[in-house]
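This is what each chain is made of:
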Amino acid sequence: MDLFSNLALGFATAGSPANLLFCLIGVLLGTLIGVLPGIGATATIAMLLPITFQLEPVSSLIMLAGIYYGAQYGGSTTAILINMPGESSSAVTAIDGYQMARNGRAGTALAIAALGSFFAGTVSTFLVALFAPPLTAIALEFGAAEYFSLMIVGLVSSVALAHGSVVKALAMVALGLLLGLVGTDIYTGTPRFTLGIREYADGLNFVALAVGVFGIAEILRNLESEKTREVLMARVSELLPTKEDFKRMFAPVIRGTVIGSALGVLPGGGAILAAFASYTVEKRISDRPEEFGRGAIAGVAGPESANNAGAQTSFIPLLTLGIPANPVMALMIGAMIIQGIVPGPNVATEQPALFWGIIASMWIGNLMLVVLNLPLIGLWVKLLKIPYFVLFPIIMAFCSIGVYSVNSNVYDLYAVAFFGLVGYLLLKLRCEPAPLLLGFVLGPLLEENLRRAMILSRGDPTTFVTRPISAALLLIAAIVLVVVFLPAVKAKREEVFVEED
Amino acid sequence: MKAISFDTTNALCGSILTAVGLFFAWQSFGLEIGTAFRMGPGYFPLLLSAVLTLLGVVILVQSARVHGEPMGPIAIRGMFFILPAPIFFGLTVRGLGFVPAVFLTSLIACFASHRMKPLWAIAVSLGLAIFSVVVFSYGLNLPFERFGPWARF
Numbered sequence: 001m002d003l004f005s006n007l008a009l010g011f012a013t014a015g016s017p018a019n020l021l022f023c024l025i026g027v028l029l030g031t032l033i034g035v036l037p038g039i040g041a042t043a044t045i046a047m048l049l050p051i052t053f054q055l056e057p058v059s060s061l062i063m064l065a066g067i068y069y070g071a072q073y074g075g076s077t078t079a080i081l082i083n084m085p086g087e088s089s090s091a092v093t094a095i096d097g098y099q100m101a102r103n104g105r106a107g108t109a110l111a112i113a114a115l116g117s118f119f120a121g122t123v124s125t126f127l128v129a130l131f132a133p134p135l136t137a138i139a140l141e142f143g144a145a146e147y148f149s150l151m152i153v154g155l156v157s158s159v160a161l162a163h164g165s166v167v168k169a170l171a172m173v174a175l176g177l178l179l180g181l182v183g184t185d186i187y188t189g190t191p192r193f194t195l196g197i198r199e200y201a202d203g204l205n206f207v208a209l210a211v212g213v214f215g216i217a218e219i220l221r222n223l224e225s226e227k228t229r230e231v232l233m234a235r236v237s238e239l240l241p242t243k244e245d246f247k248r249m250f251a252p253v254i255r256g257t258v259i260g261s262a263l264g265v266l267p268g269g270g271a272i273l274a275a276f277a278s279y280t281v282e283k284r285i286s287d288r289p290e291e292f293g294r295g296a297i298a299g300v301a302g303p304e305s306a307n308n309a310g311a312q313t314s315f316i317p318l319l320t321l322g323i324p325a326n327p328v329m330a331l332m333i334g335a336m337i338i339q340g341i342v343p344g345p346n347v348a349t350e351q352p353a354l355f356w357g358i359i360a361s362m363w364i365g366n367l368m369l370v371v372l373n374l375p376l377i378g379l380w381v382k383l384l385k386i387p388y389f390v391l392f393p394i395i396m397a398f399c400s401i402g403v404y405s406v407n408s409n410v411y412d413l414y415a416v417a418f419f420g421l422v423g424y425l426l427l428k429l430r431c432e433p434a435p436l437l438l439g440f441v442l443g444p445l446l447e448e449n450l451r452r453a454m455i456l457s458r459g460d461p462t463t464f465v466t467r468p469i470s471a472a473l474l475l476i477a478a479i480v481l482v483v484v485f486l487p488a489v490k491a492k493r494e495e496v497f498v499e500e501d
Numbered sequence: 502m503k504a505i506s507f508d509t510t511n512a513l514c515g516s517i518l519t520a521v522g523l524f525f526a527w528q529s530f531g532l533e534i535g536t537a538f539r540m541g542p543g544y545f546p547l548l549l550s551a552v553l554t555l556l557g558v559v560i561l562v563q564s565a566r567v568h569g570e571p572m573g574p575i576a577i578r579g580m581f582f583i584l585p586a587p588i589f590f591g592l593t594v595r596g597l598g599f600v601p602a603v604f605l606t607s608l609i610a611c612f613a614s615h616r617m618k619p620l621w622a623i624a625v626s627l628g629l630a631i632f633s634v635v636v637f638s639y640g641l642n643l644p645f646e647r648f649g650p651w652a653r654f
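Chains A and B are the protein sequences, given in the same order. Here the first sequence is numbered in the working numbering, starting from 1 and rising by one per residue. Here the second sequence is numbered in the working numbering, starting from 502 and rising by one per residue.
Some hints could be false.
[As the list claims (entries may be wrong)] Derived DEER-like restraints, expressed as beta-carbon distance ranges: (1) B:S516 to A:P468: 41 to 51 Å; (2) A:G143 to B:G531: 53 to 63 Å; (3) A:A12 to B:W527: 37 to 47 Å; (4) A:R458 to B:A551: 19 to 29 Å; (5) A:V370 to B:S516: 48 to 58 Å; (6) A:I285 to B:G531: 52 to 62 Å; (7) A:E224 to B:A520: 45 to 55 Å; (8) B:A551 to A:V482: 19 to 29 Å; (9) B:A551 to A:G143: 42 to 52 Å.
Hints were generated in silico from the structure; no laboratory data involved. We put the CB at the ideal spot given by N, CA and C, even for glycine.
The following block holds chain A by itself, in its conformation from the complex (with noise of 0.2 Å):
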């Protein structure tokens, strides 16, 4: 079967020595970042993105995803143990894990977590390898108009995950997408909101933004109320679940991953979603619903199995249509194309090595975060005892080592700061950057497509509803848009949003 010679093609590749030593690599950043909270995975992809530069295309992909899942297990740690979320997708985690740790069973906790979230990666790694290629099949047949409605979609659905007030992600998408034009046109040669700059002409240096915007307006956050962490040390004992565990364990998970699997495919942010969405689902059906906020086992298996399957799905989009589901795919895609990897349906049949080697990859990554963060606990919880004011220095010359080594262009350090002031300004204006960050990578692409089809159109703009496939991906952005804004689901989703803060 094609499945099964593709995945032996995977792991011959993730398997070499160098990318199984930079899969290692990578999710241990991944976890050490997970577990710290004020820097998140985003941050730390993007910082990272320019040295993956000296690496082979493969080791770099696969060092990068790895940060990115293990920043999932990591973040549970945090939350766990400090009631706080090392990553925004394990808030649910610091619900009910806080309370098993208080109950003296952070040891538990700590193993559902991982346990779980190995079950929904494995499951999810194989829905990847299922469900990539015959999507990539369709998405050969797409042309200029079918692509331009898909980004619509991607680009709504990220509206429609973001927190807060919809106007302002809808604002926030229209400013990413401006940004992303500035530069020179392709068409004509002319240079775009430039400033008369000619160190922008080729456009701005997406690292720069996305470091600016993630990176350093999460440090000024951080620094505006400086508080001391309390770090839970209960003695972290009895690893492993009882019999009794696994056996109230066992449906969550399998929960978890289903609704995990399904909405990391969303555009936008699926993993956050899943987890809360895993939460509400399991204390709804428990028959045991007043244990929930009090410790109950659900509440940790479900969410952590359903946020580290949604992280894994979210490649999905990613590999078959060259579309990124959420900031740190965005980051992906920019990796891609600093490798002179154009990322899209084609990726498959040209580079199969690279297409199989970063899933099977997956695989091998959470079972080195299964084997390794178990015994490993100790060192992250003395982690959490380093204090910040000692961190952020170091974070602020990485990012600068970082954006710097992409170009070595110092405009791109100018830039990094005006973002960063940029970031934190919307961060107090209550924005969400996501929306901004995806809208930047998609809008070169968006107006190529749009000008493309209008050309093959002749000027008539119904061709992007007379077009079957085109059509029914403009009604689904269409549909998502006014959902939305009903106000049953407007209030539904605020207070989704509000627990999570």
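Please arrange chain B on chain A, whose structure you already have, making use of the hints.
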């Protein structure tokens, strides 16, 4: 007549977005717009800036009705030290070279926290400079000059 009260955050947000939208629109008019059939470089940006301006106005109008929570504290000290750090790195990395630039950048960033003691700041920056030069310069072979012309005697 009742005085209209505004939610400051949203009013500010709306005005800024409107202004940015207008700025991009003004810039777009300087470019060739073209037709829907053959779009010029200014067509799509103009469309987007119109959308952005409109959304900015909507947020501004809404700010008169909906009230959110206040903006909270602003990290003035943080902004004062964190934002110049990468700029400083950019200004000095060629002249002073990689090692001094990393050291000074980190030192500047250290002062953003009032809890950082000067001795600690120097220790952290020094350790960081050594670590970076080992990893990035010797380990990954990034093409940085370790000590630039300003730092040579």
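Comparing the hints with the structure gives:
1. Evaluation of the 41 to 51 Å hint for S516 of chain B and P468 of chain A yields a pass: the beta carbon distance comes to about 43 Å.
2. At roughly 32 Å, the beta-carbon separation of G143 of chain A and G531 of chain B lies outside the given 53 to 63 Å, and the hint is violated.
3. The hinted range of 37 to 47 Å is not satisfied by A12 of chain A and W527 of chain B, whose Cβ atoms lie roughly 56 Å apart.
4. Against the hinted window of 19 to 29 Å, the Cβ-Cβ separation of R458 of chain A and A551 of chain B comes to about 24 Å, which satisfies the hint.
5. The beta-carbon spacing between V370 of chain A and S516 of chain B, approximately 51 Å, falls within the hinted interval of 48 to 58 Å.
6. In this structure, I285 of chain A and G531 of chain B meet the distance hint of 52 to 62 Å, their C-beta atoms being roughly 60 Å apart.
7. A beta carbon spacing of about 25 Å between E224 of chain A and A520 of chain B contradicts the range 45 to 55 Å that was offered as a hint.
8. Taking the beta carbon of each, A551 of chain B and V482 of chain A are about 22 Å apart, inside 19 to 29 Å as hinted.
9. About 27 Å separates the C-beta atoms of A551 of chain B and G143 of chain A, a value inconsistent with the hinted range of 42 to 52 Å.
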